[in-house]
Amino acid sequence: MDSQENMTIRPKKVEPVDLGYLAERLECEIIGTEKPVFVTGVTLDSRDVKPGDLYVGMPGSKRHGADFAEQVQELGAVAILTDYKGLEKMRELPQHNQHLPVLLTKKNPRLILGKTAALIYKTRDPDLKLFGITGTNGKTSVLYILDTLMNVAGMRTAISTTAERRIGDTTVESTLTSPEASELHAFLARIVEEGIAGVGLEISAQAVVRHRIDGVLFDVVAFNNFSQDHLDEFGDMESYFQAKLELFNPRHAKKGVVVVDTPAGRKIVKNSKIPITTMATEYGQTADWHLAITRQNIDGVSFVLQGPDNSYFRGSVPLFGAFMAENAALALIMLHEAGLNLQKISDAIGSAPIPVKIPGRLELVSSLGAGPRFYVDYGHTPGSFASIFDALSEVKTGRVIFMFGADGDRDTTKREEMGRIASEGSDVLIICDYHPRFEEPGAIRAQLLAGAHTATRPAEILEIADPREALRYAIKIASKEDIIIYAGPGHETYQEVAGNMIPYSARDEVRGALREAGY
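Read left to right, the sequence shown gives residues 1 to 519 (my numbering).
No lab work stands behind these hints: they were computed from the structure.
Where a beta carbon is used, it is the ideal one built from N, C-alpha and C, also for glycine.
Just so you know, not all the hints are guaranteed correct.
Straight line, CA to CA, 20 Å or less: simulated SDA-like cross-link-like pairs of lysine to any residue [claimed, not checked]:
| no. | residue 1 | residue 2 |
| --- | --- | --- |
| 1 | Lys480 | Val365 |
| 2 | Lys85 | Arg110 |
| 3 | Lys273 | Phe241 |
| 4 | Lys35 | Pro51 |
| 5 | Lys13 | Thr170 |
| 6 | Lys62 | Asn500 |
| 7 | Lys480 | Gly369 |
| 8 | Lys254 | Ala197 |
| 9 | Lys357 | Ser174 |
| 10 | Lys267 | Thr286 |
| 11 | Lys62 | Lys89 |
| 12 | Lys270 | Gln285 |
| 13 | Lys480 | Ser366 |
| 14 | Lys89 | Asp67 |
| 15 | Lys12 | Arg124 |
| 16 | Lys396 | Ser367 |
| 17 | Lys476 | Glu463 |
| 18 | Lys89 | Gln73 |
| 19 | Lys255 | Thr277 |
| 20 | Lys357 | Met155 |
| 21 | Lys85 | Leu104 |
| 22 | Lys12 | Ala197 |
| 23 | Lys50 | Phe68 |
| 24 | Lys254 | His211 |
| 25 | Lys62 | Leu176 |
Computed Cβ-Cβ distance ranges for the label pairs, DEER-style [what the hints assert, rightly or not]:
| no. | residue 1 | residue 2 | range |
| --- | --- | --- | --- |
| 26 | His453 | Arg63 | 40 to 50 Å |
| 27 | Phe438 | Asn249 | 32 to 42 Å |
| 28 | Phe438 | Gly339 | 41 to 51 Å |
| 29 | Arg25 | Gly284 | 49 to 59 Å |
| 30 | Gly284 | Arg457 | 24 to 34 Å |
| 31 | Pro94 | Gln206 | 29 to 39 Å |
| 32 | Glu516 | Val209 | 37 to 47 Å |
| 33 | Gly369 | Gly284 | 34 to 44 Å |
Hey, can you work out the whole structure from these sequences and the hints?
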């Protein structure tokens with residue numbers, strides 16, 4: 001049975017590190033003590049402080065981390081790493097609360113957080129196979145397939161995705177696609193402690209530019225695709241792309257694998273600063289590896305992967321869509337580049353599909369043979385929608401009923417395009433709410449509807465604000481041959497409305513509605 005630790009997964013034992021040693025390596029000044037201080041952990045989250053921690057007080061959008069100095073001292077922090085502004089804030093505290101030693105940096109503490117955590121946890125180059133994947137869509141799916149294949153090869157594994165961080169039976173729910181550097185290094189230290197042989201990590205563009213992966217050296221990193229997302233943070237597509245490209249740097253990785261079907265993939269190869277192995281799925285494209293689809297239906301996709309030196313893999317994935325075969329192929333090439341034998345993996349699987357289960361990614365939540373197929377998916381970008389509809393066009397036998405909403409307080413420029421693609425690809429489109437956050441839900445729906453009506457072949461378009469009502473209506477109008485897809489929430493267990501996290505599981509809601517309908 002899985003166990004849930006407080007907020008992060010940490011090593012059970014850490015050899016104490018002298019604060020003076022950290023000061024020397026980080027080029028910091030120690031203020032407030034002349035006595036030796038020993039550190040056994042590090043965190044930037046005041047709620048996650050453990051006795052012996054070095055707390056990192058950083059400037060934030062609303063408050064400075066040093067504002068929590070008294071709180072973290074009460075929780076057992078032995079020192080605080082902060083900047084001059086943080087030091088000023090600590091000196092404003094009552095005299096009896098000023099004795100927490102300060103590790104003072106001239107830089108933004110975020111810039112040295114990765115190095116700090118690596119020094120404390122000794123995780124710069126751990127003794128295991130470390131994989132990372134970046135791209136706009138499909139990162140989570142690639143990692144779960146990678147994890148499954150490593151298990152098939154007899155390796156004990158760990159994984160860090162948008163859905164979860166997991167080491168064996170120990171899991172925590174992910175709050176970020178990629179953890180902060182302090183959490184990441186603690187996670188890696190526990191992995192080493194547990195004797196894990198391989199780990200896969202999802203790497204967002206934000207993780208690269210915000211230094212969350214600093215101090216970690218990946219054996220193999222990969223890039224699969226690139227489409228519009230996160231322009232609320234990056235401003236334009238080129239800045240977003242450059243954040244992805246930065247991963248392919250010897251500071252972060254030893255080698256890379258890149259899908260070169262698109263201009264973005266070829267641009268990664270051209271500008272990478274580490275050795276790259278390439279994969280193509282399009283006929284005539286020059287690459288080291290080539291993927292060919294041999295069969296596909298609603299139950300899955302079969303493929304053949306061919307590479308240099310007669311490397312070869314024939315297999316299948318129990319999920320529909322050519323993009324799922326591409327995800328599997330990318331995972332296989334990453335393993336090959338790390339020195340694993342693909343023939344050994346193939347022999348272990350035999351003629352069966354790769355036994356992968358991906359939470360909230362085209363996850364079938366209905367019973368086969370009992371009414372329509374109902375899938376819940378995490379897709380929330382124009383690129384992910386396009387991939388789903390391309391795949392459905394190859395395998396559907398009935399109508400496609402598609403329902404989705406959009407994130408509030410996030411990239412608004414993609415909403416109309418999402419609506420257009422969804423309307424173009426489905427037979428019935430239901431616009432509902434997702435995470436409105438602090439935006440007016442009706443205004444978000446209006447943008448999606450405006451885009452939906454621009455489709456050259458629009459679907460039957462409906463607006464049903466409450467997703468619970470929307471999915472029940474979808475089930476009501478569906479025949480046994482139809483496919484229903486609820487895009488957006490995937491594995492998530494909440495809706496965010498005006499700052500409140502309201503418990504909500506799309507998967508559980510769909511299962512309940514199907515039972516109500518007699519399925």
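Cross-check of the supplied hints:
Distance hint between Lys480 and Val365 is fulfilled; the C-alpha atoms sit about 14 Å from each other, no more than 20 Å. Restraint check for Lys85 and Arg110: satisfied, since their Cα atoms lie roughly 14 Å apart, inside the 20 Å limit. A C-alpha spacing of about 15 Å is found between Lys273 and Phe241, which places the hinted pair at or below 20 Å, so the restraint holds. Between Lys35 and Pro51 the CA atoms are separated by roughly 18 Å; this keeps the pair inside 20 Å, and the hint holds.
A threshold of 20 Å between alpha carbons decides the hint, and for Lys13 with Thr170 the separation of about 16 Å falls inside it, so the pair holds. Note on Lys62 and Asn500: the hinted pairing holds, with a Cα-Cα distance of about 18 Å set against a maximum of 20 Å. With a C-alpha separation of about 8 Å, the suggested pairing of Lys480 with Gly369 holds against the 20 Å cut-off. Note on Lys254 and Ala197: the hinted pairing holds, with a Cα-Cα distance of about 18 Å set against a maximum of 20 Å.
For the hint linking Lys357 to Ser174, the alpha-carbon distance of about 18 Å falls within 20 Å, and the restraint holds. Simply put, Lys267 and Thr286 have alpha-carbon atoms about 14 Å apart, close enough for the 20 Å limit, and the pair holds. Between Lys62 and Lys89, the direct Cα distance comes to roughly 14 Å. Compliance with the 20 Å bound is thereby established for this hinted pair. Annotation: proposed proximity of Lys270 to Gln285 holds, straight-line Cα distance about 15 Å (limit 20 Å).
About 11 Å separates the Cα atoms of Lys480 and Ser366, which keeps this hinted pair within 20 Å; it holds. About 7 Å separates the Cα atoms of Lys89 and Asp67, which keeps this hinted pair within 20 Å; it holds. Of the supplied pair hints, the one linking Lys12 and Arg124 holds, its CA atoms being roughly 18 Å apart against a limit of 20 Å. Straight-line distance between C-alpha atoms of Lys396 and Ser367 comes to about 17 Å, which keeps the hinted pair within the 20 Å bound.
Taking the CA atoms of Lys476 and Glu463, the gap is near 16 Å; set against the 20 Å cutoff, the hint holds. With a C-alpha separation of about 15 Å, the suggested pairing of Lys89 with Gln73 holds against the 20 Å cut-off. The straight-line distance between the Cα atoms of Lys255 and Thr277 is roughly 8 Å, inside the 20 Å bound, and the hint therefore holds. At most 20 Å may separate the alpha-carbon atoms for a hinted pair to count; Lys357 and Met155 meet this at roughly 17 Å.
Among the hinted pairs, Lys85 with Leu104 is consistent with the structure: their alpha-carbon atoms are about 10 Å apart, no more than 20 Å. Taking the CA atoms of Lys12 and Ala197, the gap is about 18 Å. The hint holds against a cut of 20 Å. The suggested pairing of Lys50 with Phe68 holds, with an alpha-carbon distance near 14 Å, which does not exceed 20 Å. Taking the CA atoms of Lys254 and His211, the gap is near 18 Å; set against the 20 Å cutoff, the hint holds.
A distance of roughly 19 Å separates the Cα atoms of Lys62 and Leu176; the hinted pair therefore holds under the 20 Å criterion. A C-beta distance of roughly 43 Å is found between His453 and Arg63, which places it inside the suggested range of 40 to 50 Å. Distance hint check for Phe438 and Asn249: the Cβ-Cβ separation is about 36 Å, which falls inside the suggested range of 32 to 42 Å. Remark: the range hint 41 to 51 Å for Phe438 to Gly339 is upheld by a beta-carbon distance near 49 Å.
About 52 Å separates the C-beta atoms of Arg25 and Gly284, a value consistent with the hinted range of 49 to 59 Å. Under the hint 24 to 34 Å, the C-beta atoms of Gly284 and Arg457, about 30 Å apart, fit the expected range. A beta carbon spacing of about 37 Å between Pro94 and Gln206 agrees with the range 29 to 39 Å that was offered as a hint. Remark: the range hint 37 to 47 Å for Glu516 to Val209 is upheld by a beta-carbon distance near 46 Å.
In this structure the supplied range 34 to 44 Å holds for Gly369 paired with Gly284, their Cβ-Cβ distance being about 41 Å.
Comparing the model with each earlier hint shows no violations; every hint is respected.
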